[in-house]
Each structure stands twice: as structure tokens, then as C-alpha cells.
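What follows is the residue order along each chain.
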Amino acid sequence: MDKKIRMKAKDVDFYYGPVQVLKRIDLDIFENNVTAIIGPSGCGKSTFIRLLNRMHELVSNARLEGSITLDGKDIMAPEVDPVEIRRKVGMVFQKPNPFPKSIYENIAYGLEVNGVRDRDFIEQKVVESLKKSALWEEVKTRLHESALRLSGGQQQRLCIARCLAIEPEVVLFDEPCASLDPISTHKVEALILELKKDYTIVIVTHNMQQAARVSDHTGFFYMGELVEFDKTEVIFTRPRDKRTEDYITGRFG
Amino acid sequence: MRLKIKRIKEVMGFNTLRLCMLVVVMILAVIFYDIFSKGAGIISWEFLTKPPVDGMTKGGIFPAILGTFFVTAITAILAVPLGMGCAIYLNEYARDNGLTRFIRLSIRNLSGVPSIVYGLFGVTLFVDMCHFGTSILSAGATLGLMTLPLTITASEEALKTVPRSYREGALALGATKWQSIRTNVLPFAIPGILTGTILGLSRAAGETAPILFTGAAFFLPDIPNSIFSQFMALPYHLYIMSTQHHNISLVRPIAYGTALVLIALVFLMNLVAVIIRYRLRKRGMAHG
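Residue numbers (my numbering), protein chains in the order written: chain R, 1 to 253; chain V, 1001 to 1288.
I should point out that these hints are in silico values taken from the structure, not numbers from a laboratory.
Note that the Cβ used here is the ideal one computed from N, Cα and C, for glycine as well.
Each hint should be verified, as a subset may be incorrect.
Said to hold, decoys possible - Covered stretches of chain V (chain R as the covering partner; in silico rule of three or more C-beta atoms under 8 Å from a C-beta of chain R):
id : region
1  : 1165-1171
2  : 1183-1190
Stated by the list, open to error - Mimicking DSS-like on lysine-lysine, the simulated pairs with C-alpha atoms at most 25 Å apart in a straight line are:
id : chain 1 : residue 1 : chain 2 : residue 2
3  : R       : 3         : R       : 73
4  : R       : 197       : R       : 187
5  : R       : 231       : R       : 8
6  : R       : 23        : R       : 242
7  : R       : 73        : R       : 132
8  : R       : 95        : R       : 3
9  : V       : 1177      : R       : 73
10 : R       : 242       : R       : 10
11 : R       : 95        : V       : 1058
12 : R       : 242       : R       : 3
13 : V       : 1160      : R       : 95
14 : R       : 10        : R       : 196
15 : R       : 231       : R       : 4
16 : R       : 95        : V       : 1006
17 : R       : 88        : V       : 1177
As the list claims (entries may be wrong) - Anything over 12 Å on all C-beta distances counts as not near chain V; from chain R, calculated:
id : residue
18 : 30
19 : 69
20 : 120
Use the sequences and the hints to build the structure in full.
Okay, here's the thing in C-alpha cells:
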């Protein structure tokens, strides 16, 4: 059964100043799938995921060639507002980055900057997002306490809730468990599997077991190239490329 | 043996540094003691609320206090918004290229320009070209220019302390750049910005050279009635009392009293900065 392609990178070359960090990337992201991007440090995987919601534009000397599309439309086109892309393509960062506000305000923030003024609607969204991110039971009695008082794992799930509140279509996870303990990691992974019913998910991870556990498709990046991209079971059982095999069997990385 | 030498070096190094600190503290203590012991005697309600009388040999320094207050207010109105705006632009919007680095370097250099040069510049620009005359406005604007580099630098440093993840987090939620700055960067930079700004203003309040040609008066019987009036100011009054008065030894206590009031004023402004920072930090929920 062929799934629908939501996002597509085609012939993407990416440079920081004179340095080319991504070479000829071609990658399809399927609807309601989890696509994992794996590879050793510095292979360009985080750089790549940040292209998908145009976060790369925050770096002043970044340059991109090729195209990235969302539902067939080029998201890099000059007439496209990056704000609109980031609303549709949400992102959860490597290090939990709750704002130093209350739990409630953290989630309301995304709605407010997008022009939502209706307090009832915001309230309803806060509850709904916290439930979706499996955090509701733990925080329902202290919504107005500082988000910084939550544990690392709870903070990361709050960041996920914050992201879900603005109803994105695609959610990008940039090594979401890199700073979490195993139990929190397990919770986030369970959440990702739950979320893929409603969202299209891309996750960057340096943890191969994690990629194997949560993803449907896996891309292996190495030195700025996409060495291999296939169904996750294929990548982990019958990789075609020697480098992929060496990496997943732990011979380097 | 080697260990012993290491140990001696350690003790010597530590004590040398401690000595440096003690020397600085001593100098400050002597200055404070000198001014306080010679100036405290003349401070009274009358001294603070009455104008000078009898050829400035008696009476108070009220017009000078008021003048300094007005001029500093003009300085703040000019330097704070302009400096903050400039810092926000430089730190948040401007690309990091040769031009912005050059602008930054120029701003740093401007804060090293002697204040008398600002005074001369103020005469040309505000007194003559803008036809503000010698006035509170001209003097305040001159001090504003002088304070700008400090305000810009302090604001930029404060903005730099706000983690990048606050900006990225906001942008990733579909906030525009300005929304992210206004709601997620500025609130956390404000304490630092205010501290730096108030320090800059307190320095401006104590300056003599820039107001010398731009509006400060030797003596005025009345308090200023508009921003186009001339004014008396504490630092200038102090200068007059210690060097230009016809009977310097007679008015020495007044000079010391003026110095004490000026120091107290500066101290008070710095205290306000500390309090504001403390309160905002508490409200900011443990940031920085």
C-alpha cells in the first residue's frame, strides 16, 4: 500500500558560507508515518530537519539549492511566508526549551502569536494538547506554575504539547530524547507512535534502537549525503550500502 | 621541594590579588569618608530645598538638584528608547557582516570619546543648528548622545544573555520575528537593559563638561520654567564652588555638601537599578 507523500526534498544542496553541508538530498516523507533520520554526529541530519520548517534561515550565511515541497508546493518559494510554514510544520528541539512562563502560558503562547484571542478556545486547546502529549494527569493541578519546575522529560512533553496546540500537519523532532533519561525516553517514544495516527512525523536521532522502535522509514546520513533511504525494516535487516551496514552494526559512529 | 615552590607561588599570587582589591576598596573608602565628613554637616532640609543666597555663600542648592533632575530626564527620554531600538536592531535583525561589525566598533569607540568633545558637538548641533539655545533641552540631548553608546552596548549584552532557544521556540510556533522579540526576548532582557541604562544615566547626571557650553548656568535666581531655560546643575555647581567662586575657602562646605548630594543621587539611581533587576528577576521565574 503506497502512502501519500507529504513532504519531498529534491536535489537539495545546502551551504553554510563556502562549506557544503548537504549534498544532493532526495527524500520523501510519507503521511502518517514516522521518518527517522540517523547518522553519526556532524553528518548533516539536524541541518536537514531544520530545512523542513525553514529554521535554517536564522543563520545568516546559509544557502540552499534544490527544492523542498509540502503537499507539492515549494516551501522555499519567495512568496511563501516562513511563519506559515512553521505553523504547519512544528518542531520539537533537542534540549527541552519551555519558556520561563507557566505551563498554561507555554501552550497558550503559540495560539496567541497566531492571533487566537478567544480565552475559552485557548483553555480548551491547553487541556487537549496536554492530554495528547500524555502530560495532563501529571500537571492538571498546577497549570499556572512555572514550566521550569517540571522534570526534563515533562518539559519535553510540554514542548510537544505546545507544538500540537497550533495544529501542525507535520511534526519535526530534533533528537528529542538526547537529554532525557530512559524512562522519559520511553514515554516520548510511546507518544510519537501515538501521534503518528494524526500527524506526519520526522525524527532525527543518533540512537539506532530508537529509530528501529518508532519509525516506518529510515534515512541514513553520512558526511552530508543521504547514503540510503528505505523502509526501516529494510535498513536494519538488509542494508544495501556497506556504510549503512557498518553504522547500524556499530562499527563506527 | 617543587611542591613547596608551587605552594609559595600560590600564596603569593593569592595575596597579590587580594592586595589589589584592598587598595581599590581603601581608595573608595577614603573618598567617601572625606566627602561625608566634610559635607554631612551642611546638609539640612533648607540646604536641599532653598536656592543659594548672598552671592552663593549661603542658602541651599535646590535649583541645582532640580536642574540635574530635568536634564537627566531629557537624557533618559532620548537615550533609552533610541539605545534600546538600536541594540535590538543590531542584535536581532542585522546580519553579522563587516558593516555591522564596523558599526559596533564605532559605537564602542564613541563611548571612549572625552565628554568635553560631546560638549562642543552639542553646542554646534543643538544650541546653534537646532536653535535650542543654551537650555535644558540642549544639555539633555548632548548628555543623551554621550550616554547612547553605553545604553546600546548594555542593551546588546543583555539581549545576548537571552538563550537562543527562546527565540527558536517562539519562531517554531509560527511567531513572527517581532513577536518572538517582544514577547519572548525583551521581557528577559529588560532587567539587564535597565541596569546598564541607569548606570549610564547616573554617569550622565554627574557630567560637567557636556553641559558647560550647552545650558548650565553659573547662578539663576529662579528655577527653570521650560525645557528652553538655562539651568543650574549639581556637577557644574560643584565646579563653580570649588574653582570659580570669589571666596572659595568660605564656600568649601557648600561644595562638599553638593558633592555629597551628587554622590547620594548617583547611589540612589544605582540602588533603583538593583531593586528593579531583583524584582523583575523574581517575576521572570528564575531566568538568568
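Here is what the structure says about each hint:
Proximity of the region 1165-1171 of chain V to chain R, defined as three or more residues with a beta carbon under 8 Å from a beta carbon of that chain, is established by the 7 residues found. Residue count for the region 1183-1190 of chain V with a Cβ under 8 Å from a Cβ of chain R: 3. That meets the three needed, and the coverage hint holds. Simply put, residue 3 (chain R) and residue 73 (chain R) have alpha-carbon atoms about 18 Å apart, close enough for the 25 Å limit, and the pair holds. Restraint check for residue 197 (chain R) and residue 187 (chain R): satisfied, since their Cα atoms lie roughly 17 Å apart, inside the 25 Å limit.
With a CA separation close to 16 Å, the supplied pair residue 231 (chain R) and residue 8 (chain R) stays within the 25 Å bound. Proposed proximity of residue 23 (chain R) and residue 242 (chain R) is supported: the alpha carbons are some 19 Å apart, at most 25 Å. Between residue 73 (chain R) and residue 132 (chain R) the alpha-carbon distance is near 29 Å, which puts this suggested pair outside the 25 Å criterion. Using a Cα cut-off of 25 Å, the hinted pair residue 95 (chain R) and residue 3 (chain R) is violated, with the two alpha carbons roughly 32 Å apart.
Restraint check for residue 1177 (chain V) and residue 73 (chain R): the C-alpha separation of about 24 Å stays at or below 25 Å, so the hint holds. About 24 Å separates the Cα atoms of residue 242 (chain R) and residue 10 (chain R), which keeps this hinted pair within 25 Å; it holds. A threshold of 25 Å between alpha carbons decides the hint, and for residue 95 (chain R) with residue 1058 (chain V) the separation of about 67 Å lies outside it, so the pair is violated. The hinted pair formed by residue 242 (chain R) and residue 3 (chain R) fails the criterion: a straight-line CA distance of about 28 Å is larger than 25 Å.
Restraint check: the Cα-Cα separation between residue 1160 (chain V) and residue 95 (chain R) comes to about 19 Å, which is no more than 25 Å; the hinted pair holds. Distance check on the hinted pair: residue 10 (chain R) and residue 196 (chain R) sit about 24 Å apart at the alpha-carbon level, within 25 Å; holds. Simply put, residue 231 (chain R) and residue 4 (chain R) have alpha-carbon atoms about 15 Å apart, close enough for the 25 Å limit, and the pair holds. Under the criterion of a C-alpha separation no larger than 25 Å, the hint pairing residue 95 (chain R) with residue 1006 (chain V) is inconsistent with the structure, at around 42 Å.
The straight-line distance between the Cα atoms of residue 88 (chain R) and residue 1177 (chain V) is roughly 17 Å, inside the 25 Å bound, and the hint therefore holds. With a least beta-carbon separation of about 22 Å from chain V, residue 30 (chain R) lies farther than 12 Å from that chain, consistent with its non-interface assignment. Distance check for residue 69 (chain R) against chain V: the nearest CB is about 19 Å away, which clears 12 Å, and the non-interface claim stands. Distance check for residue 120 (chain R) against chain V: the nearest CB is about 20 Å away, which clears 12 Å, and the non-interface claim stands.
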